[in-house]
Amino acid sequence: MPIFANREICASAGQCVRTAGEIFDQDNEGVVIVLNPTPEKEFHDKVLTAVSLCPSGAITFSE
Amino acid sequence: MPDESNNSYQSKQGSPVTEIRSFPLDGNPHVPSPALDMMRTEGPACPIKFVDGHEGLLVTDYDFAKILLSSSKFSQLPQRFLLPMKESNQNQIDKDAQDAINTGNLLSLDGQSHSRMRRLVTNRLSIKSTNSYKDFIKDVVSDQLRVLLSQKKPADLSEHFSNPISIRNHCQLLGVPITHVHRFAILFDLPVFSEVPLQDKIDFLREVIEIKRQSPGNDLISDLLALETTTAEVVGMTFQVAAAGRDSVAYVISTAVRALLSHKDQLLLLQNNMDLLPHAVEELLRYDTMFVTLFPRTATEELEINGVKIHKGQTVAVSPVAANRDPKRFDNPNTLDFGNKSVGHLAFGHGPHACLGQQFARLQILESLLQLIRDIPTLSLVSNEFKNPYPLASMLPTYEIPEVMVTW
Numbered sequence: 001m002p003i004f005a006n007r008e009i010c011a012s013a014g015q016c017v018r019t020a021g022e023i024f025d026q027d028n029e030g031v032v033i034v035l036n037p038t039p040e041k042e043f044h045d046k047v048l049t050a051v052s053l054c055p056s057g058a059i060t061f062s063e
Numbered sequence: 001m002p003d004e005s006n007n008s009y010q011s012k013q014g015s016p017v018t019e020i021r022s023f024p025l026d027g028n029p030h031v032p033s034p035a036l037d038m039m040r041t042e043g044p045a046c047p048i049k050f051v052d053g054h055e056g057l058l059v060t061d062y063d064f065a066k067i068l069l070s071s072s073k074f075s076q077l078p079q080r081f082l083l084p085m086k087e088s089n090q091n092q093i094d095k096d097a098q099d100a101i102n103t104g105n106l107l108s109l110d111g112q113s114h115s116r117m118r119r120l121v122t123n124r125l126s127i128k129s130t131n132s133y134k135d136f137i138k139d140v141v142s143d144q145l146r147v148l149l150s151q152k153k154p155a156d157l158s159e160h161f162s163n164p165i166s167i168r169n170h171c172q173l174l175g176v177p178i179t180h181v182h183r184f185a186i187l188f189d190l191p192v193f194s195e196v197p198l199q200d201k202i203d204f205l206r207e208v209i210e211i212k213r214q215s216p217g218n219d220l221i222s223d224l225l226a227l228e229t230t231t232a233e234v235v236g237m238t239f240q241v242a243a244a245g246r247d248s249v250a251y252v253i254s255t256a257v258r259a260l261l262s263h264k265d266q267l268l269l270l271q272n273n274m275d276l277l278p279h280a281v282e283e284l285l286r287y288d289t290m291f292v293t294l295f296p297r298t299a300t301e302e303l304e305i306n307g308v309k310i311h312k313g314q315t316v317a318v319s320p321v322a323a324n325r326d327p328k329r330f331d332n333p334n335t336l337d338f339g340n341k342s343v344g345h346l347a348f349g350h351g352p353h354a355c356l357g358q359q360f361a362r363l364q365i366l367e368s369l370l371q372l373i374r375d376i377p378t379l380s381l382v383s384n385e386f387k388n389p390y391p392l393a394s395m396l397p398t399y400e401i402p403e404v405m406v407t408w
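Chains as they are written, first to last, in the numbering used here: chain A, 1 to 63; chain E, 1 to 408.
Hints listed in this document are in silico derivations from the structure and should not be mistaken for laboratory results.
It is possible that some hints are incorrect.
What the hints assert, rightly or not - Computed from the model, here is a short list of chain A residues facing chain E with C-beta under 8 Å:
no. : residue
1   : Pro2
2   : Ala11
3   : Ser12
4   : Ala13
5   : Val17
6   : Arg18
7   : Glu29
8   : Thr38
9   : Pro39
10  : Ser52
11  : Leu53
12  : Pro55
13  : Ser56
14  : Gly57
These numbers come from a predicted model, not from an experiment.
Every residue gets a Cβ at the ideal spot worked out from N, C-alpha and C, and that includes glycine.
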């Protein structure tokens, strides 16, 4: 299942970028951008951590 | 039937309910009130009395706290407090100033009105933007380190290190010119609810905003001026960012240093492996959580969370201090332990109102600890006692920044 980020509810805390900067970025309002919605297995742990650290619950992902 | 001897009575459902409490005041920055742990054993959300007489709930459970702070069925209003507001006759301000403060008061806004205002500053506080301050922060920290070391021993780390670091970085972010940093430090001195008239603070910010309007720079105020914003929005959001970040970073640096110096085993761990530092910062944030409770949330409809019924109009206060010590979530929660999985602590809150300055805060805390540990290996605490009862900085409550008397 690809990573989905709900830009409406993103609170721009930046935790996803801090945790998995290869996968997530922020636009010029600090809102989440998913750089790679289908990352390799080696990134899955980081992405799952980003999901749990996202304060708004904007990011969803399951392996 | 009421049982007078132990202040509990049977509810209609037959389970014991304790008499409604007032907020416990016997905690300090490193040792929360034991009442919080006790409440958590009774349930995730316990009855508590607000100052206006309202019977609300206090959340001490980690999972419950996250659910509540993420729920769309709560409003930030009315703002009720668990402790009395400090009486002040210094808060008379002009109408435009009042409008501005109301406009920018993110913690009083819900839904789209909230996120619209928040997004005016989220670019400046994004990871990429805060990372651009790394060199500036590094220079400020090393300069304040020099200032600290030039003091007579013992010296107060809060006065000569934590607070000035926070002020200088904050001014840089906001766009307060170097010429005005000294006045900012006086007007926005700690504790946050000082006797400095609110009108003076607003007038100072208006003056700085005018300077930026004449010559824009790479800073938050210039960002606000460049967007399609009203005057109320520019003044309001400037005040919001100035006030919200004012004592927090200084508080965390001071309490983190104090915790490190009173846990020599953890300090040694760090000294032997500085790669641990980012993780140690998260554990220190968990252990030294500043907000005993957050601004409360009020239910906009009848609902139930994990079996707890919440009435429409009932106000709920979340305790990040308590949630961060929840043994269901953190092993040995009352121990400072850099091996602990502190990832996911609630020191920066949770949900749409989660601290928007958190990444800027992290950089400052990290750099401050890095330089202290690396450059003053003989740093030690002169006294490890906390005042009792411990003084509060706000009615939420939050604690006052501690004096941290050190020698080297």
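key: Hint status (Cβ of A/Pro55 to nearest Cβ of chain E, threshold 8 Å)   = holds, 3 Å
ask   = Does the CB of A/Ser12 sit less than 8 Å away from some CB of chain E?
value = For A/Ser12, the interface hint holds, since the closest Cβ of chain E sits about 4 Å away, which is under 8 Å.
task = Would you settle whether the hint for A/Leu53 is holds or violated, based on the nearest Cβ-Cβ distance to chain E being less than 8 Å?
result = holds, 6 Å
inquiry  = So, as I understand it, the hint says A/Thr38 touches chain E; can you test that by seeing if any CB pair is closer than 8 Å?
reply    = violated, 23 Å
ask   = Holds or violated: is the Cβ of A/Val17 closer than 8 Å to a Cβ in chain E?
value = holds, 4 Å
key: Proposed interface contact between A/Pro2 and chain E, which counts if any beta carbon pair is under 8 Å   = violated, 22 Å
task = Classify the hint on A/Gly57 as holds or violated, based on whether any CB of chain E lies nearer than 8 Å to its CB.
result = Because about 6 Å separates A/Gly57 from the closest Cβ in chain E, which is inside the 8 Å limit, the hint holds.
Chain E contact restraint for A/Ser52 - C-beta distance below 8 Å = holds, 6 Å
ask   = For the hint on A/Ser56, does the least C-beta distance to chain E fall short of 8 Å?
value = holds, 6 Å
inquiry  = Is the interface hint satisfied for A/Ala11? The criterion is a beta-carbon contact with chain E at less than 8 Å.
reply    = holds, 5 Å
query = Does A/Pro39 pass the interface check with chain E, least Cβ-Cβ distance below 8 Å?
reply = violated, 18 Å
inquiry  = Would the hint on A/Ala13 be counted as holding, given a Cβ-Cβ threshold of 8 Å to chain E?
reply    = With a minimum Cβ separation of about 5 Å from chain E (threshold 8 Å), the hint on A/Ala13 holds.
Going through the hint list in order, the structure does not satisfy hints 1, 8, 9.
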